[in-house]
Structure formats: structure tokens, C-alpha cells
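Engineer: Each chain is listed here by its residues.
Number of protein chains: 2
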Amino acid sequence: MKRKVSDSVINRLPRYYRYLGELISSGCGRISSKALSEKMNITASQIRQDLNCFGGFGQQGYGYNVNNLYDEIGKILGINKKKTAILVGAGNMGKALVLNTNFEKRGFSLKGVFDADKEKIGTTVGDYEILDYAGIEDFIKENNIEMAIITVSKASVNQVANELEEMGIKGFLNFSYAELNTSDHIAVENIHLSDSLMRLSYKMAEKEAEC
Amino acid sequence: MKRKVSDSVINRLPRYYRYLGELISSGCGRISSKALSEKMNITASQIRQDLNCFGGFGQQGYGYNVNNLYDEIGKILGINKKKTAILVGAGNMGKALVLNTNFEKRGFSLKGVFDADKEKIGTTVGDYEILDYAGIEDFIKENNIEMAIITVSKASVNQVANELEEMGIKGFLNFSYAELNTSDHIAVENIHLSDSLMRLSYKMAEKEAEC
Chain B
1 MKRKVSDSVI
11 NRLPRYYRYL
21 GELISSGCGR
31 ISSKALSEKM
41 NITASQIRQD
51 LNCFGGFGQQ
61 GYGYNVNNLY
71 DEIGKILGIN
81 KKKTAILVGA
91 GNMGKALVLN
101 TNFEKRGFSL
111 KGVFDADKEK
121 IGTTVGDYEI
131 LDYAGIEDFI
141 KENNIEMAII
151 TVSKASVNQV
161 ANELEEMGIK
171 GFLNFSYAEL
181 NTSDHIAVEN
191 IHLSDSLMRL
201 SYKMAEKEAE
211 C
Chain P
1 MKRKVSDSVI
11 NRLPRYYRYL
21 GELISSGCGR
31 ISSKALSEKM
41 NITASQIRQD
51 LNCFGGFGQQ
61 GYGYNVNNLY
71 DEIGKILGIN
81 KKKTAILVGA
91 GNMGKALVLN
101 TNFEKRGFSL
111 KGVFDADKEK
121 IGTTVGDYEI
131 LDYAGIEDFI
141 KENNIEMAII
151 TVSKASVNQV
161 ANELEEMGIK
171 GFLNFSYAEL
181 NTSDHIAVEN
191 IHLSDSLMRL
201 SYKMAEKEAE
211 C
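Chains as they are written, first to last, in our numbering: chain B, 1 to 211; chain P, 1 to 211.
Be aware that a few hints might be false.
Remember, identical chains collapse to one label, so a pair may be satisfied in a single copy or spanning two.
What the hints assert, rightly or not - When the alpha-carbon atoms are kept at most 35 Å apart in a straight line, the in silico DSBU-like pairs for lysine-lysine are as follows:
{"no.": "1", "residue 1": "120", "residue 2": "81"}
{"no.": "2", "residue 1": "105", "residue 2": "118"}
{"no.": "3", "residue 1": "118", "residue 2": "82"}
{"no.": "4", "residue 1": "39", "residue 2": "154"}
{"no.": "5", "residue 1": "82", "residue 2": "111"}
{"no.": "6", "residue 1": "120", "residue 2": "203"}
{"no.": "7", "residue 1": "141", "residue 2": "81"}
{"no.": "8", "residue 1": "170", "residue 2": "207"}
{"no.": "9", "residue 1": "207", "residue 2": "39"}
{"no.": "10", "residue 1": "141", "residue 2": "170"}
{"no.": "11", "residue 1": "141", "residue 2": "118"}
{"no.": "12", "residue 1": "207", "residue 2": "82"}
{"no.": "13", "residue 1": "111", "residue 2": "81"}
{"no.": "14", "residue 1": "75", "residue 2": "111"}
{"no.": "15", "residue 1": "111", "residue 2": "207"}
{"no.": "16", "residue 1": "141", "residue 2": "111"}
{"no.": "17", "residue 1": "203", "residue 2": "154"}
{"no.": "18", "residue 1": "154", "residue 2": "82"}
{"no.": "19", "residue 1": "141", "residue 2": "39"}
{"no.": "20", "residue 1": "75", "residue 2": "207"}
{"no.": "21", "residue 1": "39", "residue 2": "75"}
{"no.": "22", "residue 1": "75", "residue 2": "170"}
{"no.": "23", "residue 1": "39", "residue 2": "82"}
{"no.": "24", "residue 1": "203", "residue 2": "75"}
{"no.": "25", "residue 1": "154", "residue 2": "207"}
{"no.": "26", "residue 1": "203", "residue 2": "111"}
{"no.": "27", "residue 1": "105", "residue 2": "81"}
{"no.": "28", "residue 1": "154", "residue 2": "81"}
These aren't lab readings, by the way, just hints derived from the structure by calculation.
These numbers were taken from a predicted model, which means no experiment stands behind them.
Turn these sequences into a full structure, and let the hints steer you where they fit.
Structural biologist: Structure below.
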């Protein structure tokens, strides 16, 4: 049953999941791959092919049951099994994430927010009191923390990541502008804002050339 | 000469560009596709194929001239032609972006920061005074603004995007959790943090299964 799924399929799954979530909110119970295709700007054959990677969930001529498909994709993404998370670095970016992100809906339960800055420790961000980074190891052990969101400076990110890996962290969401040098068995997802800016630069040049 | 380049190549170009920039900083003048491959974790044949899309820049047996390749990829990405930008929404996320992003290095020149909140207008973020959103149309016209980074709430993002499109904005970097309904000739790059969380969730489950 376990097969290697290509990165491009994995990259599309969150979009399916988000979109199906919106369909559920709007009361939609069933959708054809054709309608899903038009709404998501992905070809119907691509959608069928993507979902077939996981055994397919459609019924010929009846389309997809939206709730089932949402649950199944959630299982594939591992969202049904909540993973414990902490955030390290309570600067502007860290605060924005704590205040605006629905971690629970995306597979994670945020348990604590840490910083090393004495002026920040003890203050609050939303429902979280900012805790002292000096005590992070005990916190990780006591709360079985699995994932860390790192929003510290580029200069200190690899030291922090290496320390946290030693303490048992298995996955990182990395917002710094540096690549992490963590071990192979550690999962890393990078948010490269500079790459997004460059892609936008390309797209703008391309759209201009089309006119 | 003008050919349609696949999205996956476009997605890799910013990584090449960033990595080549690091090589230049470290004084490296020439690199083989094999060495580039090992450092970037992309196969050498993939690298040759990617760069061939744009005419290729390597010399058989001599590898790539790092400075040339950096400049050429910069041209392809349109980074050599700076585009004017504004940021709308000076909350935590907006502030983090203004303070931590090197826009100039990524093809954009940030000209102004806007918010509609009377308490924020007139205060400063880094070198920028936060300006009143009510005056944004004149500012866009006077400064020939081409791109807008939007860090407003999901609820107001499409109203803001539509207004800015009317005022002449050609590209958006969208940080809200909503899809933009802008016209086809407008370039949009979305930062979907929730998708990154879900991809990380998948990767963590996958790494766990490997053990």
C-alpha cells in the first residue's frame, strides 16, 4: 500500500484540502472532478490522477463525496493525528504567526512560545505567555513536543535547530533566510519569502510580455 | 526565443539564484554542474536541463562561470529591472516583512507602507513612516507603483486587491489566507502558510514511517 508519492502531488494536496474545506463550509456535499477542475484551475484528468495515487475516492458519474474526500486527504496529510508544536522567536513574524494561524486545523497543536530576550519573556502573545528559551529542553520533554516553528534570525537559526534536534524535535517550519543543516531523518519545510518575491518578479515580466 | 517555461523550472530558479549569490559571497568563480548538484540536492542532468531552457550557460568540461550564471538568471527572473512596490497592512506580518526582507536584492524597490488604522498612521517601521490608505491612489500614480504586498486580514483582502488593481497595480504578493479574484493579466504569488504546515505534517508522517 505504501508508495512514494511525487513532490508535485504532495504540493497540490494542501490546496485540495483547503478548497474542500471551503466547499464543506458552503454546504456542498458532492462535486465532479470537472467542477473541481474549473474552480481550482487544474485539469480534471490531473485531479483524477492525483487522487488515484491514494486509491481514488470518486465514483464514476457521481463525482466525489466532499466530506469523505476531505477526511481522506486529511488522513494522508496526517492532519487527523495532531502533532505538538512550539514556536521559537517571538519577534514580529513569530507574533503574526501565533495570532493569525489556525494550527489545529492544519495538523498541529501549539503548546508554547519561546524567546531568549529578557524583555520579551513573561509578556504575552494572544493566549501564550512568552517562555524563557533557557527552559526549553524540559518543556520539550514534559510535553512531548514534536515540531518547532523557527522565526529567529538567520545568524542563530542553525544553532537553534541543532539544539532542538538534540532535544528530540522531529520537524521544523523554517522562516529564516538560511537553509537548515539538520539530519536526514528530520522533516523540514522552508518558507522562502525571497523566492516568492523572485517568482512574482518573473510572473510580472511574463504578463507584461504577453500584453 | 520566447518560450513557455514550466512552473517547476521557474520554481527552482530562485533557489539557483540564491545559492549562486552565496557562492559569489564566498569568492567562488566557477562551479561544475556536478558540484552544484551535490550542494543543491538536484541531479546534475536536471540542472543542465533547467539551464538549457534558457540557452544554457555552461562550457563542456569547464562548468559554469558563477557571476555570469547569477546575472543571467537574475535577468530571466527580471531582478535586474527593479519594480516599484508598496506594502499594505502594517500589522505584525507587515512589520516583519519591512524589517527583515531585502526587497532590492529580489527585484523590488519598496516605496511606501500603508495602513487604514489611525493609530498606526504616522508611526514608523524601520525607515518607513506608515501612510494613510486613504491617500494610496495618488501615491501609486505619483510613484508609478507596480506591485503591492498585501498583509491585511482575509476579510478585506479582496476589496483591497480589487481597489489596487483599479489603481494600476500589476502584481500582488498575497499573505492572506484567501485566494485573490484579480483579473487574468495580474500576476499573483500566494504565501500559503497553512499549506506549508500541511506539507510539513505529511513529511513528518512519512519520515516516521521510514524509521
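Engineer: Now tell me if each hint is right for this structure.
Structural biologist: Consistency of the hints with the structure:
no. : hint       : result
1   : 120 to 81  : within (32 Å within a copy, 40 Å between copies)
2   : 105 to 118 : both (32 Å within a copy, 33 Å between copies)
3   : 118 to 82  : within (31 Å within a copy, 40 Å between copies)
4   : 39 to 154  : between (39 Å within a copy, 19 Å between copies)
5   : 82 to 111  : within (12 Å within a copy, 42 Å between copies)
6   : 120 to 203 : between (40 Å within a copy, 32 Å between copies)
7   : 141 to 81  : within (19 Å within a copy, 50 Å between copies)
8   : 170 to 207 : between (41 Å within a copy, 9 Å between copies)
9   : 207 to 39  : both (22 Å within a copy, 33 Å between copies)
10  : 141 to 170 : within (13 Å within a copy, 49 Å between copies)
11  : 141 to 118 : within (23 Å within a copy, 45 Å between copies)
12  : 207 to 82  : between (41 Å within a copy, 16 Å between copies)
13  : 111 to 81  : within (15 Å within a copy, 44 Å between copies)
14  : 75 to 111  : within (22 Å within a copy, 45 Å between copies)
15  : 111 to 207 : between (44 Å within a copy, 22 Å between copies)
16  : 141 to 111 : within (12 Å within a copy, 47 Å between copies)
17  : 203 to 154 : both (27 Å within a copy, 23 Å between copies)
18  : 154 to 82  : both (29 Å within a copy, 25 Å between copies)
19  : 141 to 39  : between (45 Å within a copy, 34 Å between copies)
20  : 75 to 207  : between (38 Å within a copy, 15 Å between copies)
21  : 39 to 75   : both (23 Å within a copy, 34 Å between copies)
22  : 75 to 170  : within (19 Å within a copy, 39 Å between copies)
23  : 39 to 82   : both (29 Å within a copy, 34 Å between copies)
24  : 203 to 75  : both (34 Å within a copy, 13 Å between copies)
25  : 154 to 207 : both (33 Å within a copy, 26 Å between copies)
26  : 203 to 111 : between (39 Å within a copy, 20 Å between copies)
27  : 105 to 81  : within (11 Å within a copy, 40 Å between copies)
28  : 154 to 81  : both (31 Å within a copy, 27 Å between copies)
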